[in-house]
Amino acid sequence: MIRAAIVLALVAGISFAARSFLPADATITGSGAAFAFGFLLIAAMQTGHIFHDLRLPHLTGFILCGALFGPEVLRLITPSMLGDLTLVKKVAVGLIALNAGCELNFARLRPKIRSIGLVSIFGLLTEFILLFGLFAFVLGRIEFTADMTSAQRLAVALICSTVLCALSPAVVMGILKETRATGPLSEMCLSIVVLADLAVVVAFSFTESVAHAVFPATASGAGQSSIFGALAVHIFGSIATGIGVGLVAALYIRRVGQRIGLFVFAVLFVVAEIGGALHLDPLLVGLSAGLFLENISPVSGHEVIHETEVAAMPTFAVFFAVVGAEVHLHAFFSVAPYAAVAALTRAAGIFVGARFGARVAKVEPAVAARVPFGMFPQAGVAIGLANLVASSFKPWGQGAATLILGTIVINEMIGPVLFRMALARAGEIGKKREGSLLDLPSHAPTPEADVEAT
Amino acid sequence: MPPDRLRVVVGLAVALGLAVLLAQPKVKALEQRFGVTVLISAGVPFLAMGAIFSLDSVGILTPQVLLDLKPAFEFGLGWVGFVVGLHFDVRKLDALPASLGPVIVLESVVPMLTTAGLCAMALLGMGVPWERNAFARDALVLAACAAPSAPISMEIWERRVGRKAARMIDEVTSLDEVTGLALLGVIAILFRPENDTTRWVLPSSAWLLLTLGLGGVLGIVTYVLLRGAHNAAEELTLLLGAVALSAGVAGYLALSVPVVCAIAGALLANLPIRDLEGLKKTLLDVERPIYLIFLLVVGATWRPLEWQGWLLATAFVLARVAGKRLGAIWSKRVGPKELPSAGMLALALAPQSPSSIVLMVSAATLYHGYGLERVRWVINAVIIGGVLTEVVVRILEWRRRRVGVDLTPIPPTRVLPPDPPKPQADAAPVLSTTPTTPEGSA
Chain A
0 MIRAAIVLAL
10 VAGISFAARS
20 FLPADATITG
30 SGAAFAFGFL
40 LIAAMQTGHI
50 FHDLRLPHLT
60 GFILCGALFG
70 PEVLRLITPS
80 MLGDLTLVKK
90 VAVGLIALNA
100 GCELNFARLR
110 PKIRSIGLVS
120 IFGLLTEFIL
130 LFGLFAFVLG
140 RIEFTADMTS
150 AQRLAVALIC
160 STVLCALSPA
170 VVMGILKETR
180 ATGPLSEMCL
190 SIVVLADLAV
200 VVAFSFTESV
210 AHAVFPATAS
220 GAGQSSIFGA
230 LAVHIFGSIA
240 TGIGVGLVAA
250 LYIRRVGQRI
260 GLFVFAVLFV
270 VAEIGGALHL
280 DPLLVGLSAG
290 LFLENISPVS
300 GHEVIHETEV
310 AAMPTFAVFF
320 AVVGAEVHLH
330 AFFSVAPYAA
340 VAALTRAAGI
350 FVGARFGARV
360 AKVEPAVAAR
370 VPFGMFPQAG
380 VAIGLANLVA
390 SSFKPWGQGA
400 ATLILGTIVI
410 NEMIGPVLFR
420 MALARAGEIG
430 KKREGSLLDL
440 PSHAPTPEAD
450 VEAT
Chain B
0 MPPDRLRVVV
10 GLAVALGLAV
20 LLAQPKVKAL
30 EQRFGVTVLI
40 SAGVPFLAMG
50 AIFSLDSVGI
60 LTPQVLLDLK
70 PAFEFGLGWV
80 GFVVGLHFDV
90 RKLDALPASL
100 GPVIVLESVV
110 PMLTTAGLCA
120 MALLGMGVPW
130 ERNAFARDAL
140 VLAACAAPSA
150 PISMEIWERR
160 VGRKAARMID
170 EVTSLDEVTG
180 LALLGVIAIL
190 FRPENDTTRW
200 VLPSSAWLLL
210 TLGLGGVLGI
220 VTYVLLRGAH
230 NAAEELTLLL
240 GAVALSAGVA
250 GYLALSVPVV
260 CAIAGALLAN
270 LPIRDLEGLK
280 KTLLDVERPI
290 YLIFLLVVGA
300 TWRPLEWQGW
310 LLATAFVLAR
320 VAGKRLGAIW
330 SKRVGPKELP
340 SAGMLALALA
350 PQSPSSIVLM
360 VSAATLYHGY
370 GLERVRWVIN
380 AVIIGGVLTE
390 VVVRILEWRR
400 RRVGVDLTPI
410 PPTRVLPPDP
420 PKPQADAAPV
430 LSTTPTTPEG
440 SA
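Protein sequence lines correspond, in order, to chains A and B. For the first sequence, numbering that gives the first Met the number 0 assigns the number 0 to the initial residue and increments by one for each residue that follows. For the second sequence, numbering that gives the first Met the number 0 assigns the number 0 to the initial residue and increments by one for each residue that follows.
Quick caveat, the hints were computed from the structure, so don't treat them as lab data.
In silico SDA-like cross-links for lysine to any residue, where the CA-CA straight-line distance does not exceed 25 Å:
1) B/LYS25 <-> B/ARG158
2) B/LYS69 <-> A/PRO22
3) B/LYS280 <-> A/VAL309
4) A/LYS111 <-> A/LEU417
5) B/LYS69 <-> A/PHE268
6) B/LYS25 <-> A/LEU261
7) B/LYS69 <-> A/SER19
8) A/LYS431 <-> B/ASN230
9) B/LYS25 <-> A/ILE259
10) A/LYS111 <-> A/ARG424
11) B/LYS336 <-> B/GLY100
12) B/LYS280 <-> A/GLU306
13) B/LYS25 <-> A/ARG258
14) A/LYS393 <-> A/LEU277
15) B/LYS69 <-> A/ALA16
16) B/LYS69 <-> A/VAL269
17) B/LYS163 <-> B/ARG332
18) B/LYS336 <-> B/LEU395
19) A/LYS430 <-> B/ASN230
20) A/LYS431 <-> B/ALA231
21) B/LYS25 <-> A/GLN257
22) B/LYS25 <-> A/PHE262
23) B/LYS69 <-> A/LEU81
24) B/LYS69 <-> A/PHE20
On a predicted model such as this, the values are computed, not experimentally measured, just so you know.
Let the sequences and hints guide you as you build the complete structure.
Next comes the structure, spelled out in structure tokens:
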């Protein structure tokens, strides 16, 4: 911990000193991006170590590190630097989703599919109902909805509660990776967050169309059919692309079989670039590709996980640090009381609904008691949907997004901690043994040196 | 999806795929067999591809795409800088014959002097202004690119000059790029961006200290980071971060990225690390794709129809080959007696190293948008110069073979059994992979 703190201070000192070379508003494209990438990677890893020693998730450390050095607090990382890292972030989302998909084997999950379905449905429904009720009550008192009619306020409540129903496969996957956890709780949480998030993305497309109908002035001139057209492209296009990616990856692994990790990374890079222009969701693309590889293709998804494992650590660190740097702290402080109430309501909804669903599905009590904790974290998808609200619904979208993002900040910070605690209580941490991760680093003592020392 | 965007993505994906394919060991083995450098085997196709991709009608490497690629570019420069620095293991240097040191210096400094002189004259003749020492900067950049020699094919050169002499030449080729880097560092210190765009106004001596100090501190930070890694995956993560941070900070301060990273790498090479060779291998694995991507981007700014580039290339080749020859004559006088004849030494060291591309690319980033047409000429000179040098070397070899003096292979009975395989020795020989033999340390 002391070493990590010293290294963090040293790296931060060098970086602040270097940043003072140019005026605050100036940046050099290229140098800025490499600088931000390198700094965030090292700083996030060191913060992760400090958090590990405090028995907190690395991931929370990554996020907090990004938030601290990001544009809203210490301003070492500027918004333009973050903009330069967008591609890295998209590739990271794709890799995280691919890993999540590769972990889900439907044949193995078949006996549990009823439990997963019931926990997801009850958890999401209760969460949605409570959040909708809260927003319907609260929105009359918030400035940006003051001039709206009741129907319009309900539409805003519908949008806000749908977005806040989003879970976080990235965070769950990240926590499972760093803790090397495996077991019934890990498996169930991962399955739930993946499937439930898919449902939330679909549901958002419908609620978005309802809101556009209530606020005709904010609609971009597109009719109902084009909204569904966009929905079809976004969801089904992403899934189809993902299957295509899975097919190409399977062919490559079977026929070539060399440098698989590099190949997968290159494919994800291309998908991230094309996806931006085609409005494809990198999460859905990666997830579909992973599910295809694990469940349909003759290639094992675990082979892909193993081959991309070396790249996973820097990817996770930078991704979550960037997510942290994008946290809208000022927005959070402006809506803090409402956001806190919304986060509590969401947690209560998930807790009650998921536990009820687990009881109906007769899930093992030890798992049933802890499964809601895997549903608390929020990150990438929720932030993406909040940004979509801000850009799609003017003028009130920005206010709604601020409220949503404020709630996400709480879930982003506390969710991983609670999930890690649940995994620890369930005794699943450290159960997964991955040989390559146990390889010695280059500084490790030689066996001969060990013998000599003894 | 807009067709132009799709074109860019597909074009870059194809280039990336080709770069990875051309870095396969089979390609390297073929280069070794035929005794050609990466510049000829893969470099020219990539250069041509870059030139074609940049055409308006093709529209893949547009100015915006080139700008978008700059972060990766800087990271690549830092990566190569670390690789060069890791060769600089003082323990291995101590094991070399003492008289090989002057050979390394002469074989890199003399070509630098001849290149700087002749190219400066050529530049002045072409009308490059005296103001702000523009011609001097260009000439120094070309001089830095003249220093490094391409790694030799041990298989071929052992047959030609014997094992011991071939090893010495190999050592020279692995260390002469350090001299080029040093000159590049000097250029970055002497030719700074305009003072009104930055907050710091320092004299050149302060920038020199800053370059050395920053490289040293970043080397220590990298070492401390790697020492704290718990497993190989974390070590790679931290190495990535250290290279990116070093490259980013150096670039941010408008210092030469490979120079600062080479200092950091050199420091790392001299601190106790159990598996330094493993670390080098990790870095070397990605070195060739980086060169090829550099060539692709360089190709985008290549204007083969500009006569100035061809004139400068001719001056560059003549000065460089003559400098290598002069250096060889001098080296033969002061170097170890096992060195081959001056003619053979010059022939072995004449081919241009791919690291000259790195030096040139890095130098181009130090122009800060000033004298863009001259950047193109310098690029032309180095790229065309590399190809022309190979042609000149082939002709010289052919002539010598006809005379039948030096290039007669040593009879097989005198050839010692080959060494165990050296990791990536063909891409950029790792000094420390060469076992320290009693004959080498004699």
